[in-house]
Amino acid sequence: MSASASGSQSRGSGHGESDAPITPVTVAALAAMKSRAEPIACLTAYDFGFAAACDQSGVDLLLVGDSLGMVVQGHETTLPVSVDDVVYHTQCVARGAQRALVVADMPFMSHTDVELGLLNAGKLMKAGGAQMVKLEGGAEQAALVERLTENGIPVCAHLGLKPQRVHKLGGYRVQGRAEQEARDMEADAKALEQAGADLLILECVPAELAKHLAQSLRMPVVGIGAGRGCDGQILVLHDVLGVTRHPPRFAEDFGSSAGGVMAAIRAYVTAVKQATFPGKEHEFKA
1 MSASASGSQS
11 RGSGHGESDA
21 PITPVTVAAL
31 AAMKSRAEPI
41 ACLTAYDFGF
51 AAACDQSGVD
61 LLLVGDSLGM
71 VVQGHETTLP
81 VSVDDVVYHT
91 QCVARGAQRA
101 LVVADMPFMS
111 HTDVELGLLN
121 AGKLMKAGGA
131 QMVKLEGGAE
141 QAALVERLTE
151 NGIPVCAHLG
161 LKPQRVHKLG
171 GYRVQGRAEQ
181 EARDMEADAK
191 ALEQAGADLL
201 ILECVPAELA
211 KHLAQSLRMP
221 VVGIGAGRGC
231 DGQILVLHDV
241 LGVTRHPPRF
251 AEDFGSSAGG
261 VMAAIRAYVT
271 AVKQATFPGK
281 EHEFKA
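By this note's numbering, the letter at position 225 of the sequence shown is numbered 225, and the numbering carries on one by one without gaps.
Hints were generated in silico from the structure; no laboratory data involved.
This structure is a prediction, so every number in the text was calculated from the model and none was measured.
Backbone N, C-alpha and C fix where the C-beta goes; we use that ideal spot for every residue, glycine too.
Don't take each hint at face value.
[Claimed, not checked] Cut-off 25 Å, straight-line C-alpha distance, at most; resulting in silico cross-link-like pairs (BS3-like, lysine-lysine):
| id | residue 1 | residue 2 |
| --- | --- | --- |
| 1 | Lys211 | Lys285 |
| 2 | Lys273 | Lys211 |
| 3 | Lys162 | Lys280 |
| 4 | Lys123 | Lys162 |
| 5 | Lys273 | Lys285 |
| 6 | Lys190 | Lys285 |
| 7 | Lys211 | Lys162 |
| 8 | Lys190 | Lys211 |
| 9 | Lys162 | Lys285 |
| 10 | Lys162 | Lys190 |
| 11 | Lys168 | Lys285 |
| 12 | Lys190 | Lys168 |
| 13 | Lys211 | Lys280 |
[Claimed, not checked] Pairwise CB distance ranges, derived in the manner of DEER restraints:
| id | residue 1 | residue 2 | range |
| --- | --- | --- | --- |
| 14 | Ser35 | Gly279 | 22 to 30 Å |
| 15 | Arg177 | Thr77 | 16 to 24 Å |
| 16 | Glu181 | Ala20 | 43 to 51 Å |
| 17 | Val72 | Asp253 | 13 to 21 Å |
| 18 | Arg36 | Val72 | 34 to 42 Å |
| 19 | Asp113 | Thr77 | 17 to 25 Å |
| 20 | Glu38 | Gly260 | 24 to 32 Å |
Work out the full structure, taking the sequences as your base and the hints as a guide.
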């Protein structure tokens, strides 16, 4: 897909949008947002309609997360999600996103070695239409990140609570509270950045640690349950809309008071951009 001479382009089929030029969010644009301290507003999305609603509401990045296993498929964890599942949902989201950067999750057991990871990441990009892939793991993933980068595949790393390792972690628990855990997480983040990662998601991490990492890394750091010191925020769309049966503590229901889906998404984007979300009540302490 090529951009016009002005740097604008159109992604997705017509759904009532105007003909005004749209400047898509790129990896370079995310880095520029960090440099000028503009918060990055991110949400998950899994289909065309909600992707379009998020896109039109000013969301900068849409993650086709393996969280679809829980909020779309009804599983207890993300583990049953397949690469083909993510490809399908990424295709749907890519059709609805004209401005937002589309990121696809690498599901459980899809990147157990470098060659398998490269193959599946390529599938998410070529067949799914993703513009970046996300993978869980620390320094042990550096070789894969480097290989993906060499092949032109942007990478979003994921540290802190890693849902694909929920059984190893003994449940959904805050990560990085112990001093050694915090040091290891920082070492992992720097190794992934050195290998070529373009973005980092921190999940369920003490706010002070997340702020320190955001300040010490060149790449943007997006938090989910990681406090307002990050360069951006991401939540599961269903949590924002208030339709999750058991929402996490760090989420906020914007749907109950906003008066509609679009209003709820816009309220979330505004809260992120104005740094009123997350509040102190959403943060974890060391």
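Quick check: which numbered hints come out false for this structure? Those not satisfied: there are none.
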